[in-house]
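These are the residues of each chain, in order.
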Amino acid sequence: MNNRIINWFKFASPQTFYPLAGKMIPWFWALTALFGIAGLYIGFFVAPTDAQQGEGYRIIFIHVPASWMSMFIYLVMAFWAALGLGFNTRLSGMMASALAPTGALMAFLSLWTGALWGKPMWGTWWVWDARLTSELILFFLYIGFIALQSAIDDPRRADKAGAVLALVGVVNIPIIYFSVKWWNTLHQGASVSLTRSPSMAQTMLWGMLLMALAFWMYSIAVSLARVRAIILERERHAGWVADLEEVRS
Amino acid sequence: MNWGSASEFFAMGGHALYVWGSYGACALLMAVEPILARKRRSQALIELKRELRANQDSQDETTS
Amino acid sequence: MDGPSLPAALGAVIRRDLLLAMRRKSDVLTTLFFFIIVVSLFPLGVGPEMAMLRQIAPGVLWVAALLATMLSLNRLFAADHADGTLEQMALSAVPLGVLVTGKVIAHWLLSGLPLALLAPVLGLQFDLAAGSLAVLVVSLLIGTPVLSLIGAVGAALTLGVRGGGVLVSLLVLPLYVPVLIFGAGAVEADLTGLGATAHLSLLAAFLALAAFFGPWATTVALRIALE
Amino acid sequence: MDGPSLPAALGAVIRRDLLLAMRRKSDVLTTLFFFIIVVSLFPLGVGPEMAMLRQIAPGVLWVAALLATMLSLNRLFAADHADGTLEQMALSAVPLGVLVTGKVIAHWLLSGLPLALLAPVLGLQFDLAAGSLAVLVVSLLIGTPVLSLIGAVGAALTLGVRGGGVLVSLLVLPLYVPVLIFGAGAVEADLTGLGATAHLSLLAAFLALAAFFGPWATTVALRIALE
Amino acid sequence: MLEASNLECVRGEKSLFRDLSFRLEAGACLMVQGANGSGKTSLLRMLCGLAQPAQGEIRWGGEPIRKLAEDYRGELLYCGHAGAVKDDLTALENAQISATLAGAPVDEASARQALRQLGLKGREDLPARVLSAGQRRRVALSRLLLEKRRLWVLDEPLTALDKAAVTTLCGVIDAHLATGGMAVLTSHQDLPLAADRIAHLRLD
Amino acid sequence: MLEASNLECVRGEKSLFRDLSFRLEAGACLMVQGANGSGKTSLLRMLCGLAQPAQGEIRWGGEPIRKLAEDYRGELLYCGHAGAVKDDLTALENAQISATLAGAPVDEASARQALRQLGLKGREDLPARVLSAGQRRRVALSRLLLEKRRLWVLDEPLTALDKAAVTTLCGVIDAHLATGGMAVLTSHQDLPLAADRIAHLRLD
Ligand code: HEM
Ligand SMILES: Nc1ncnc2c1ncn2[C@@H]1O[C@H](COP(=O)(O)OP(=O)(O)OP(=O)(O)O)[C@@H](O)[C@H]1O
Ligand SMILES: Nc1ncnc2c1ncn2[C@@H]1O[C@H](COP(=O)(O)OP(=O)(O)OP(=O)(O)O)[C@@H](O)[C@H]1O
Ligand SMILES: [Mg+2]
Ligand SMILES: [Mg+2]
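Residue numbers (the working numbering), protein chains in the order written: chain E, 1 to 249; chain F, 1001 to 1064; chain L, 2001 to 2227; chain Z, 3001 to 3227; chain P, 4001 to 4204; chain Y, 5001 to 5204.
Treat the hints loosely; a few may be bogus.
Said to hold, decoys possible - In silico DSSO-like pairs for lysine-lysine, Cα to Cα no more than 27 Å straight-line:
#: 1; chain 1: F; residue 1: Lys-1049; chain 2: Y; residue 2: Lys-5148
#: 2; chain 1: F; residue 1: Lys-1039; chain 2: E; residue 2: Lys-23
#: 3; chain 1: F; residue 1: Lys-1049; chain 2: F; residue 2: Lys-1039
#: 4; chain 1: P; residue 1: Lys-4014; chain 2: F; residue 2: Lys-1039
As the list claims (entries may be wrong) - Restraint ranges, calculated between C-beta atoms of paired labels, are given here:
#: 5; chain 1: Y; residue 1: Asp-5204; chain 2: L; residue 2: Leu-2006; range: 45 to 51 Å
#: 6; chain 1: F; residue 1: Glu-1047; chain 2: E; residue 2: Arg-156; range: 17 to 23 Å
#: 7; chain 1: L; residue 1: Pro-2048; chain 2: Z; residue 2: Met-3022; range: 42 to 48 Å
Derived from the structure by calculation, the hints contain no laboratory data. For every residue, glycine included, the Cβ atom is placed at its ideal position computed from N, Cα and C.
Chain E extracted, bound-state conformation (with noise of 0.2 Å):
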């Protein structure tokens, strides 16, 4: 069990992790593009036409994967936080500030995918049903995340703020996502409506499950390369990096 800890504490330092996250990067790269190549396959070519929509529909293929991403990411990013405010552990705080970029793409990747279905399908860009506007809240809860962690210059400092931030946040998370649900049908009346296919054929499952993983995949590959430079640009005083060969040289 001891040893179990200690372990963990090894590979949480960034010494240690910097040239493992080095190493993974490219496996994280090539299983983006693989996940990627197959599921704009079965998305472009293997997947019917839409008897309704055409084929606007496919843009469900990053629609629903970058929505997906969009509030995992928070999830993660604030296990994260909460590891480094209780644990003390350096490479939580960089950890969760190389996500939220990331997350802030998902989020921006889905309300704009989302507005560009929505012009089509339902004849305007945008109207306030209950995913869309959380989602809308969520990148706002994204951009406050990075807007503190950005506003201070203290890295020790920004980790920990921003912790108490996504914390805050994860536990308002489900309360929003229910009011603005409960808001939305107490009030009916918006002139359009979602016309979603009740049963997904299932090639279209399949595409969206392959685009979801590559999305997955993508995300872990760049945000390891974000915490390489944050690790780099927090420990520069310490020994191990003044060693490194890519310094050295």
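Got chain E; can you put chains F, L, Z, P and Y with the ligands on it based on the hints?
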């Protein structure tokens, strides 16, 4: 195979703007983000090296 | 060593903040005037049809209350931080959480409470009925403490941070959304004859949650800010 | 003694304020996000029906722009006052009026201009048509400099005054009312097919007037605040 | 009683001091000296628990101060560069309220007495905003007389004080030490203290 | 050159000083002394034109300073209790920008040189918020080296400075006086100035 020709493929059944707008933004952002991450790292490396050199210089100064 | 009495300390903080506010009455009054002016701007921007104004009234009043509360947030800790009082509070023999709770209560007494009491007068401008006005007041009385509690976390997080004044709104406004929805929703439900109890009890639940977690998160954030 | 070059001094002040803003990027961005969030709060308070939202859109967007500008006003002089820079400006060999004009221009570049450029995106959320969006942008481009100019007078008057931060809104908002009426009016006129030219030329007249008197009044107010 | 062992302070990328250890017994005084930016303020904030040392530990009566938390804070009085004086409150209200916030309320008579002792007679009821720099400082220092704490941590207490006030303050510190109190001080001027148990610590 | 006649200063209900007159010639220095709250800061602010005397007049080269306005301000350098140092800007930017605002831009090299002369080598590119109290003060004082003004009005310039910095500053003031400059100073400490044309003015 859904598409008779390349132009049909690009027309996306009249929804080209929306579909390619989505995929284009997605591709663009996902291309830019890793580049930014990499740039951030190389920037950190440059600064690190500069700092190390500065330290070396000041050490030389004190020893000489 | 016997510690200091906590209720006495709580009372002392509240009294101190009220005293300071009395010295700068304009501060409290301007929160109120801000509320009044924002609410009155809307008919100017939107146009004078009564039917429509009545429809948007709950939303406008609640959004204005929310903005007014948010604007008064920087009063909460910034001045005490700048002149070193906050440092002294963190070094006090009284637990910081108690002092923080006192400050939040004082903040509510000086912003939320007057807003709630003023709201019915403004509601009249929008032609709301007496029943709806009562619901409006009750929803504000339950909802504004939540705003103060959440706001305190934001204010503490942005303390001494570059651009803190506006940053706090970015952090806090998204978290205010549920309160806004159920607060405005309560009045709207009453307007449409649905009954506001469900909304109000949900607001009360939020209050309980915020009262439980808020001071804790604020204390943590303050200690971080002082480090 | 040959005096310093005035255009150079003007440029230097603008550059300084932009530099300071770049240092605290979050400050500029948060004004923008505040704008976005306030606009997005309204549907949450008012309800999601598009027909009604379209009707209140011009008012909501303009009120939000006005509030965002107003919030950023305390950035204008407060920090410079607190750390003694303003004292130094008043003692500078460059006339204070020039320095003030530079600061107001920088303020507009950092608040009004980005708001105007962002507004159409938000207008889409309210389902405005392309023509109305264009009118909205033009009205904001003419109107927001007036807001900065008037706001500067308010910010200077409330400098170092107790509760200045909120007091400024009290002073300034009533003066903003004409801008709001004609700004929102322009968009509304376009929506109802009446044509917005009359409104826009009135806004331009306000701008000329404010550009003429604003810096002068601000300078006087600053000298009073420093006494 | 107060004991620091192997403290290291890191600000930015460089270490201001390391392996700093000392012990302070009842009745003794530690003068921290050093050039501008040598880390005096940083050290004092660590001793109060406002900042965490990068290395090392600070103990009070053998216990780490992190563990003691409020118990330690009840023994401590810190007076930093910022005076915690509210512009809008009068000198008297400032004195009373800061004592209350510290957890030890005092009555008006003793607050007036303390202000008078510091040479603020006739200024007790002026709002602090109109006071001169030195008078504000005196209001801040009135806490020394009003709160009964064993350990005083004073960061440049002489700032803005005139010569008479410096003498008064030194008398107050001497009296505190004579009754078994402890003090950690910084100053760029010489403090004419009468006490003999003064240790010096140079940070350079 | 600088001449004050029959000045009276009223703060609140009472008069801090009255019938105060003096003349300051090129190359001379005036040390204003007095207890806390005796009106030194108030006097200095009057000399700069930031406050109006209740009675009397201040003249520069025979002309009342109110009339001269910008012409007088172009000759004047005031350094008060507040340092006009921006937390968010680096020491270098602070120095350059305050010179620009005063109407006399300087290039980066001379700003760096001035900061180095004041002992801020290696800190030029740190944001002022992380500087120590004395370092911030030095940044504020860098204006003395960068702006060529004939009359210096310095309110407690020694605050927070360590001994080395005090020596440097005195050297700077001496050099200024030697080249025909004028200075009005306050301080509660002794300033080890070498110049011989020092007049003292006691406010009590
Ligand atoms: C800006 C506009 C939009 C936003 C912000 C948005 C947001 C989201 C989010 C957050 C999810 C994941 C929710 C979950 O899994 O519970 C989602 C899923 C989905 N969205 Fe959207 N959406 C938008 C527009 C659209 C449009 C226009 C359509 C189609 C007409 C659409 C179709 C779908 C589908 C089919 C799913 C996945 C199936 C499901 O989980 O129910 N979305 N969207
Ligand atoms: N982020 C940072 N990067 C580099 N240096 C820093 C950073 N933060 C603080 N410092 C340095 O740490 C030191 C802090 O010193 P501190 O305030 O403890 O000094 P001090 O001894 O109290 O000085 P003074 O006598 O001027 O009050 C300063 O030299 C400052 O430049
Ligand atoms: N409104 C007022 N009512 C009564 N007294 C006032 C008022 N405003 C200022 N004063 C007094 O005027 C004096 C102002 O003094 P000033 O700041 O010029 O002193 P100083 O000589 O610079 O002192 P220090 O050495 O402390 O800096 C103080 O004694 C203050 O108490
Ligand atoms: Mg210090
Ligand atoms: Mg003074």
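To see whether the hints hold, each was checked on the structure:
no.: 1; hint: Lys-1049/F with Lys-5148/Y; verdict: 39 Å, violated
no.: 2; hint: Lys-1039/F with Lys-23/E; verdict: 18 Å, holds
no.: 3; hint: Lys-1049/F with Lys-1039/F; verdict: 15 Å, holds
no.: 4; hint: Lys-4014/P with Lys-1039/F; verdict: 26 Å, holds
no.: 5; hint: Asp-5204/Y with Leu-2006/L: 45 to 51 Å; verdict: 48 Å, holds
no.: 6; hint: Glu-1047/F with Arg-156/E: 17 to 23 Å; verdict: 19 Å, holds
no.: 7; hint: Pro-2048/L with Met-3022/Z: 42 to 48 Å; verdict: 44 Å, holds
Hint check: a violation occurs at hint 1 only; the rest are consistent with the structure.
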